[in-house]
Amino acid sequence: MRRQILLWTCAVAALLASCSKPKSEGAGSEAKAPPKGAAEPAAGGPTKLTVAAIAIVDVAPLYLGNQKGFFAEQNLDLKIQNTQGGAESVPGVVSGQFQFAFANMISLLLGHAKGLPLKVVAAGNFSTGKAEDFGGIIIPAGSAVKAMKDLEGKTLAVNQINNIGGVTVRAAMRKAGGDPDKIKFIEIPFPQMPGALGEKRVDAAWVVEPFLTVARGQGATVLDWNFADTAPTLMIAAYFTTRDYAQGNPDVVKRFTAAINKSLSYAAEHPDEARAILLTYTKIEKPTADKLNLPLWTPEINRASVGVLADLMVQDKLVTAKPDVDALLQ
Amino acid sequence: MTTASPEPRRGRQRAVLGALGLAGAAALAEIVPRIGVVSPRYLPPFSAMLGALGREASSPAFWRALLDTLQGWALGLAIAVTAGVVLGAVIGSRRGLRAATASTIEFLRPIPSVALIPVAVLLYGAQLRSTLLLVVYASFWPMLLQVIHGVGDVDPVARDTALSYRFTVWAKLRYLVLPSALPYILTGVRLSAAIALILAITAELVIGTPGLGKEIGVAMSSSAVPAMYALILVVGLLGVAVNVGFRALERRVLAWHLSVRTEAAT
Amino acid sequence: MTASLRRVALAVALPGLLFALWWIASDDSVSFYLPPLRRIVAAFGPTWSPRWASHVAPSIARLVIGYAGAVVLGVGLGVPLGGRPRLRAALEPVLELARALPPPALVPVFMLLFGIGTAMKLLVIVSGAVWPVLLNTIEGVRAVDDVLADTCRCYGITGATRLRVLVLRAASPQIVTGMRQALSIAIILMVISEMFASSSGLGYAIIDFQRGFSIPEMWSGVILLGVLGFAMSIGFRVFEARVLRWYHAQRRVRGEP
Numbered sequence: 001m002r003r004q005i006l007l008w009t010c011a012v013a014a015l016l017a018s019c020s021k022p023k024s025e026g027a028g029s030e031a032k033a034p035p036k037g038a039a040e041p042a043a044g045g046p047t048k049l050t051v052a053a054i055a056i057v058d059v060a061p062l063y064l065g066n067q068k069g070f071f072a073e074q075n076l077d078l079k080i081q082n083t084q085g086g087a088e089s090v091p092g093v094v095s096g097q098f099q100f101a102f103a104n105m106i107s108l109l110l111g112h113a114k115g116l117p118l119k120v121v122a123a124g125n126f127s128t129g130k131a132e133d134f135g136g137i138i139i140p141a142g143s144a145v146k147a148m149k150d151l152e153g154k155t156l157a158v159n160q161i162n163n164i165g166g167v168t169v170r171a172a173m174r175k176a177g178g179d180p181d182k183i184k185f186i187e188i189p190f191p192q193m194p195g196a197l198g199e200k201r202v203d204a205a206w207v208v209e210p211f212l213t214v215a216r217g218q219g220a221t222v223l224d225w226n227f228a229d230t231a232p233t234l235m236i237a238a239y240f241t242t243r244d245y246a247q248g249n250p251d252v253v254k255r256f257t258a259a260i261n262k263s264l265s266y267a268a269e270h271p272d273e274a275r276a277i278l279l280t281y282t283k284i285e286k287p288t289a290d291k292l293n294l295p296l297w298t299p300e301i302n303r304a305s306v307g308v309l310a311d312l313m314v315q316d317k318l319v320t321a322k323p324d325v326d327a328l329l330q
Numbered sequence: 331m332t333t334a335s336p337e338p339r340r341g342r343q344r345a346v347l348g349a350l351g352l353a354g355a356a357a358l359a360e361i362v363p364r365i366g367v368v369s370p371r372y373l374p375p376f377s378a379m380l381g382a383l384g385r386e387a388s389s390p391a392f393w394r395a396l397l398d399t400l401q402g403w404a405l406g407l408a409i410a411v412t413a414g415v416v417l418g419a420v421i422g423s424r425r426g427l428r429a430a431t432a433s434t435i436e437f438l439r440p441i442p443s444v445a446l447i448p449v450a451v452l453l454y455g456a457q458l459r460s461t462l463l464l465v466v467y468a469s470f471w472p473m474l475l476q477v478i479h480g481v482g483d484v485d486p487v488a489r490d491t492a493l494s495y496r497f498t499v500w501a502k503l504r505y506l507v508l509p510s511a512l513p514y515i516l517t518g519v520r521l522s523a524a525i526a527l528i529l530a531i532t533a534e535l536v537i538g539t540p541g542l543g544k545e546i547g548v549a550m551s552s553s554a555v556p557a558m559y560a561l562i563l564v565v566g567l568l569g570v571a572v573n574v575g576f577r578a579l580e581r582r583v584l585a586w587h588l589s590v591r592t593e594a595a596t
Numbered sequence: 597m598t599a600s601l602r603r604v605a606l607a608v609a610l611p612g613l614l615f616a617l618w619w620i621a622s623d624d625s626v627s628f629y630l631p632p633l634r635r636i637v638a639a640f641g642p643t644w645s646p647r648w649a650s651h652v653a654p655s656i657a658r659l660v661i662g663y664a665g666a667v668v669l670g671v672g673l674g675v676p677l678g679g680r681p682r683l684r685a686a687l688e689p690v691l692e693l694a695r696a697l698p699p700p701a702l703v704p705v706f707m708l709l710f711g712i713g714t715a716m717k718l719l720v721i722v723s724g725a726v727w728p729v730l731l732n733t734i735e736g737v738r739a740v741d742d743v744l745a746d747t748c749r750c751y752g753i754t755g756a757t758r759l760r761v762l763v764l765r766a767a768s769p770q771i772v773t774g775m776r777q778a779l780s781i782a783i784i785l786m787v788i789s790e791m792f793a794s795s796s797g798l799g800y801a802i803i804d805f806q807r808g809f810s811i812p813e814m815w816s817g818v819i820l821l822g823v824l825g826f827a828m829s830i831g832f833r834v835f836e837a838r839v840l841r842w843y844h845a846q847r848r849v850r851g852e853p
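Protein chains in written order, with the working numbering: chain A, 1 to 330; chain B, 331 to 596; chain C, 597 to 853.
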């Protein structure tokens with residue numbers, strides 16, 4: 001009888017242990033994550049940092065500044081880690097896998113609205129605010145669509161519907177007097193958009209560089225510059241960390257911010273060097289790199305544009321209440 | 331009784347036919363894009379795929395990715411097999427436990443492992459542990475079920491004999507349970523190995539953990555179509571190697587086992 | 597009466613216990629990614645009732661159509677292959693290789709060849725789910741009893757009747773085994789095909805929740821997928837019991853487990 005009870009308990013315990021293995025590992029990895037202060041140097045050596053960034057045009061200043069030694073100047077040893085998007089870098093920063101990361105404002109506002117303790121430390125990149133921006137809505141050659149309003153009832157490709165692409169396209173549609181709900185959005189990864197457009201699988205697409213240049217090289221034309229339609233000098237993305245890390249390592253954050261801001265200004269003043277650095281960390285080819293539209297880079301965080309995005313998120317039902325922009329940017 | 335003479339001829343005939351089949355498929359893959367039935371941009375000719383394969387094989391990044399995939403596969407498989415054997419042995423040995431856990435297993439088993447992808451991304455990001463989460467979850471169930479079946483399949487006469495001779499738990503495991511459960515365990519390992527490979531590639535492709543699957547995704551994003559096909563071919567060959575390898579292992583280990591059993595029966 | 601009651605009690609005992617333990621253990625959880633089960637359950641209704649028609653129903657429809665296509669294709673190809681050993685020998689290495697290609701790795705290929713619409717998703721499901729059906733059909737057709745085959749020949753039963761009465765019926769236990777394996781593969785592929793280049797579907801919704809950090813909603817989706825898989829496997833068990841009633845009865849008579 002006792003042996004039976006013992007065996008039952010063992011079996012249940014084993015089952016529970018195996019079932020909860022991934023979960024407890026998860027909780028453990030959050031608790032055991034390198035303590036937020038671990039980035040402080042042992043004794044006078046440069047602070048080692050890992051920054052998560054997507055290998056896209058937007059983060060050219062990061063790579064350029066690193067190459068030029070702006071981070072070494074600030075006694076920072078930078079390791080840039082390739083990630084696939086905000087959905088990956090945000091959890092990575094929260095868990096301590098990365099100390100800083102680059103993500104677009106909508107991802108940051110979403111995370112912030114859901115209670116993740118994020119804090120923006122520096123601007124990432126901006127729309128140029130006028131024609132020849134680094135992203136826009138394109139239509140194939142010979143398309144029947146002539147104005148934004150014609151997009152009602154048509155299919156439009158974005159990389160993510162509930163993110164900056166979808167939000168700014170809808171805002172541009174509203175500005176042109178059209179109904180954004182009548183657009184049929186389809187999610188396609190950026191690299192496949194020129195092909196999908198050329199094959200007439202979609203009626204229009206929202207793309208960013210370098211795919212904008214690639215598509216235009218295949219005959220597509222720009223219908224609208226939706227970033228410019230959304231807000232003047234729209235801040236698209238930013239570099240961020242967690243509030244805990246910022247509180248625990250204010251000096252590191254200050255140095256990182258100084259280095260990034262210097263890199264942003266430098267990249268804005270030396271666009272040729274920015275184009276050159278693209279060739280080192282992306283698969284973009286030189287002819288495309290020379291022709292594409294660079295985003296605007298400046299160290300000044302544009303609070304007003306972030307407020308506009310927050311309002312749009314409420315309007316598009318991404319969140320129920322407007323996120324506290326100041327708390328995120330503070 | 332000897333069947334030596336028809337067997338090799340039939341075997342050779344099968345090998346020849348098989349080679350013809352492969353050659354035919356390769357020829358098809360070469361001709362179809364060239365005559366334009368499918369655009370060569372989407373389906374490059376077979377020769378282009380081979381060319382890309384050669385280029386990949388000469389790049390160290392490819393071999394690193396291959397090792398990463400194998401690492402995730404092997405580690406995940408090892409964990410799943412160990413957990414499956416231990417739990418399966420415990421559950422399978424008592425009818426009461428089998429009955430009590432049946433419904434739970436029936437509920438958890440059909441949960442598609444890919445449903446854990448978002449969870450893995452949030453918890454572990456694009457690291458080995460994400461791959462392991464998916465691989466272990468998917469490969470564990472076939473292993474568990476096979477072991478439960480095997481352990482429960484012990485010959486009742488043998489079991490009673492072991493009881494009357496008061497075998498220790500260890501002796502029972504070694505002489506009673508293990509021999510009869512071994513075929514099931516090996517089948518389970520073979521099934522789990524195939525599933526583990528598929529899930530490892532899936533995790534790498536969707537989440538972006540380092541490995542061949544990630545390289546396939548990168549090739550796709552850079553529109554390097556021949557390279558993409560070449561990598562997919564490599565993954566297929568890997569899968570065939572795993573299948574063939576484990577089937578051969580099964581035959582070797584069980585050759586002993588089966589002949590022992592037939593000896594004992596006659 | 598008590599026997600069946602006991603069976604039901606046994607079936608719900610452990611799951612109920614685990615569910616309760618999960619509830620209690622997670623109740624005071626502050627972890628962002630592992631919220632209390634209470635919140636997940638509370639999120640179920642508001643998350644899925646508006647999405648039922650736009651996301652869940654199309655997913656299930658694609659699953660059913662893709663699965664049916666895989667079964668038809670698998671049986672349709674398996675029967676002729678099972679009966680022609682030379683053709684089988686020629687195609688075997690090619691089929692082995694094709695079978696070993698992980699379907700998720702083929703999604704980029706299908707996106708290239710067939711675009712991004714429903715056709716691509718159905719093809720992804722068929723491409724993976726066809727293999728267990730095909731291989732098991734071949735095995736089942738190969739193993740048709742020689743005596744029965746000879747009897748058919750004696751009685752002059754050929755063609756479609758022979759197919760229906762002899763081949764398919766004899767191979768049906770194997771085919772049904774293949775169909776069962778194909779079902780779980782079809783579910784997995786349905787989810788995968790919606791995680792890439794999709795704008796609707798259960799898989800898409802779950803990924804969208806993950807990207808938007810809506811964690812309780814994401815978990816509710818994961819659980820919904822589990823419930824879906826479970827419901828399908830139960831449904832399949834019912835189907836199997838009816839279709840193979842003759843086979844199970846035969847085995848019971850023979851004393852096989």
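Source of the hints: derived by calculation from the structure; they are not laboratory data. Treat the hints with caution; some may be incorrect.
If you anchor each label on the Cβ, the simulated ranges turn out as follows [unchecked claim]:
#1 G575(B) / R634(C): 41 to 49 angstroms
#2 A621(C) / P250(A): 32 to 40 angstroms
#3 S388(B) / G672(C): 41 to 49 angstroms
#4 L669(C) / D77(A): 28 to 36 angstroms
#5 R364(B) / A715(C): 19 to 27 angstroms
#6 Q846(C) / W586(B): 31 to 39 angstroms
#7 A609(C) / D490(B): 23 to 31 angstroms
#8 L358(B) / Q846(C): 37 to 45 angstroms
#9 Q218(A) / R364(B): 20 to 28 angstroms
#10 P676(C) / I361(B): 48 to 56 angstroms
#11 T320(A) / I361(B): 52 to 60 angstroms
#12 L279(A) / R364(B): 54 to 62 angstroms
Note that beta-carbon positions come from the ideal geometry of N, C-alpha and C, so glycine has one too.
Okay, the hints, checked on the actual structure:
Between G575(B) and R634(C) the Cβ separation comes to about 48 angstroms, which falls inside the hinted range of 41 to 49 angstroms. The given range of 32 to 40 angstroms is respected by A621(C) and P250(A), whose C-beta atoms sit roughly 37 angstroms from each other. For the hinted restraint 41 to 49 angstroms between S388(B) and G672(C), the CB-CB distance of approximately 43 angstroms keeps it satisfied. A hinted range of 28 to 36 angstroms is violated for the C-beta pair L669(C) and D77(A), which are about 57 angstroms apart.
In this structure, R364(B) and A715(C) meet the distance hint of 19 to 27 angstroms, their C-beta atoms being roughly 25 angstroms apart. The hint said 31 to 39 angstroms for the Cβ distance between Q846(C) and W586(B), and at roughly 34 angstroms that hint holds. Taking 23 to 31 angstroms as the suggested C-beta distance range, the pair A609(C) and D490(B) conforms, at roughly 30 angstroms. Between L358(B) and Q846(C) the Cβ separation comes to about 43 angstroms, which falls inside the hinted range of 37 to 45 angstroms.
Distance hint check: the CB atoms of Q218(A) and R364(B) are about 23 angstroms apart, consistent with the given range 20 to 28 angstroms. With their beta carbons about 24 angstroms apart, P676(C) and I361(B) fall outside the hinted range of 48 to 56 angstroms. The given range of 52 to 60 angstroms is respected by T320(A) and I361(B), whose C-beta atoms sit roughly 58 angstroms from each other. Between L279(A) and R364(B) the Cβ separation comes to about 34 angstroms, which falls outside the hinted range of 54 to 62 angstroms.
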